[in-house]
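**Q** With the hints as constraints, model all of the structure from the sequences given.
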Amino acid sequence: MGGPETKLLTGEPGGLTTLVRAALPAIPGVNLLPGVRKASSSTFRGLSYARPGVATTRKDVDAYSAVCGFPRKDTLPVPYPHMLAFPLHMAIMSDPAFPYPAIGMVHVENSITAHRPVEVGATLDVSASVAPPRAHAKGALLDFVTTATCDDEVVWESASVYLRRGPRVEGEPDPGLSVVDPPSGGVQWRLPADLGRTYAGVSGDHNPIHLYPLTAKALGFPRQIAHGMWTKARCIAAIENRLPDAVTVEVAFKKPVFLPGTVSFAARQVDGEHTFSLTSPKDGSPHLVGRATRA
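The opening residue of the sequence shown carries number 1 in UniProt numbering; numbering runs sequentially from there.
For the record, the hints were derived by calculation from the structure and aren't laboratory data.
Computed list of lysine-lysine pairs in DSSO-like fashion (alpha-carbon distance at most 27 Å, straight line): (1) Lys217 - Lys255; (2) Lys254 - Lys217; (3) Lys138 - Lys254; (4) Lys138 - Lys255; (5) Lys59 - Lys73; (6) Lys254 - Lys282; (7) Lys255 - Lys282; (8) Lys138 - Lys217; (9) Lys282 - Lys217.
**A** In structure tokens:
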């Protein structure tokens, strides 16, 4: 038996329509309507979407680089293709066949493998798929796997793990990414209140928890929080000049970063492996831990 049929993402991705489609399944009553009602998790066998022929433009790459701390170069920042994959993730989560509402999905881990540098201006074919849920102590984990190809060559891959809190899926929970003795302390970064809105402007991720205190409070947060993929990108930007061209960067997202706020970044290199962290300067609690290794 093969995997699920791949659906093509057509039209302009993102925007208000995507947000509405993502939010409707979380509204009681509305979530029972045809076209909104979600399929059962027990029958879900996976879902796949694709975006062929996605151009990478100097304007978009420079805007992303400026927000995330990368220098202006002729090649894409290591995490940049995630911007091209995010609309596919949203399309999957908004699809009635996907068994969970997009609102409430928590990004807990992300792994990126860049097989080689990709030139700004390259055209990429991007696809993303999700497998059936797997076990977690607090609910279910969903693995979103993304592949970017250029002229039929796989140049970039990622795996994003999302947690859906609630009923548990049968099976033995995976312990997840573990970084032994991550570095701590280091340099402090002061993050402005509008960082979430700024990053949303270049990433297309307009999740309300990142935008304003009022919209974040409506979803259970005391104020807006930074995007997890911004925190990862900013950490990669701090060490990118020390990384090999073919690299795998893995992170686990821990505590949210509230905006405005201050975080401490630290990095260490041992035997070709870079480990890094974002922590609270107040008590040292981790926001993110990660490692980078040669692919």
